[in-house]
Amino acid sequence: MATHMTAQRADSYADIGVIGGSGFYSFLDEVTEVSVDTPYGSPSDSLFLGEVAGRRVAFLPRHGRGHHVPPHRINYRANLWALRSVGVRQVLGPCAVGGLREEYGPGTLVVPDQLVDRTKARAQTYFDGEPLPEAWGGAIPNVVHMTFADPYCPEGRRVALKAARGRGWEPVDGGTLVVVEGPRFSTRAESRWHAAAGWSVVGMTGHPEAVLARELGLCYTSLALVTDLDAGAETGDGVSHTEVLRVFGENVGRLRDVLFDAVGALPSTLDRDCLCTRAHDGWDLGIALP
416 MATHMTAQRA
426 DSYADIGVIG
436 GSGFYSFLDE
446 VTEVSVDTPY
456 GSPSDSLFLG
466 EVAGRRVAFL
476 PRHGRGHHVP
486 PHRINYRANL
496 WALRSVGVRQ
506 VLGPCAVGGL
516 REEYGPGTLV
526 VPDQLVDRTK
536 ARAQTYFDGE
546 PLPEAWGGAI
556 PNVVHMTFAD
566 PYCPEGRRVA
576 LKAARGRGWE
586 PVDGGTLVVV
596 EGPRFSTRAE
606 SRWHAAAGWS
616 VVGMTGHPEA
626 VLARELGLCY
636 TSLALVTDLD
646 AGAETGDGVS
656 HTEVLRVFGE
666 NVGRLRDVLF
676 DAVGALPSTL
686 DRDCLCTRAH
696 DGWDLGIALP
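Once you know that position 36 of the sequence shown is 451 in our numbering, the rest is easy, because the numbers rise by one and skip nothing.
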């Protein structure tokens with residue numbers, strides 16, 4: 416069943432968001448497809464709302480259901496705004512990454528606690544002083560410098576780590592995800608530079624998702640599945656898209672199981688008490704959030 420709505424007249428609800436592919440929701444018995452409008456344009460796709468472990472969850476295909484949106488063209492602002500507009504306050508963001516250490520080979524699950532931004536041309540704030548479209552009231556957001564020392568929700572990370580261990584998949588607790596612009600993979604020199612800096616894994620989609628979630632007062636947790644050793648850490652021809660898809664496909668089932676266990680263990684919206692919920696303390700945002 417497809418439902419079309421705007422952010423102002425939402426008739427469907429979810430309190431947890433999962434940004435990932437169709438493999439995370441396609442097997443559910445009942446899914447409601449919801450189209451959401453935002454002041455920032457259209458999100459990557461419709462939201463797909465269903466129930467997991469007694470919780471209402473909104474799934475959003477990050478690259479669109481046909482995987483037609485490359486990482487540097489994703490409308491990250493619309494994606495996070497759309498999720499919040501249906502009630503989402505906690506977001507799980509699984510992603511495929513390359514390992515920057517030999518011990519982080521394909522099939523490793525990393526739950527990072529730090530992030531480095533090496534993107535170049537992505538809109539990464541709602542608070543840029545640019546007025547919203549007239550259809551959305553034309554309000555002008557104030558310039559806000561968001562605290563971002565710890566980019567991921569501590570409670571979400573705790574839940575994700577416990578969920579992975581409960582499935583017999585020992586995760587890497589902590590580490591740094593460096594996000595590059597894409598869509599190309601790194602050169603060997605870039606990869607060695609990332610590794611020499613002490614970073615753990617490299618991907619293309621973890622930023623600005625995390626900071627936009629923080630600006631909206633959402634809890635955001637990254638679950639990074641290593642699909643390859645990055646170019647500088649391996650021999651041969653380097654990373655290939657085919658290999659990335661193969662390894663991700665081999666692990667998507669157990670990643671889905673971990674995600675769904677985490678969904679059931681996340682605190683209720685009313686019980687959240689983490690740094691994410693205090694992101695707006697003391698700020699006049701200038702715009703009304705959905």
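Keep in mind that a hint or two might mislead.
[Unchecked claim] Restricting the straight-line Cα-Cα distance to at most 25 angstroms, the calculated cross-link-like pairs of lysine to any residue (SDA-like) are:
#, residue 1, residue 2
1, K535, M561
2, K535, A610
3, K577, W698
4, K535, D565
For the record, the hints were derived by calculation from the structure and aren't laboratory data.
Structure-based check of all given hints:
no., hint, verdict
1, K535 / M561, "holds, 19 angstroms"
2, K535 / A610, "holds, 20 angstroms"
3, K577 / W698, "violated, 34 angstroms"
4, K535 / D565, "holds, 21 angstroms"
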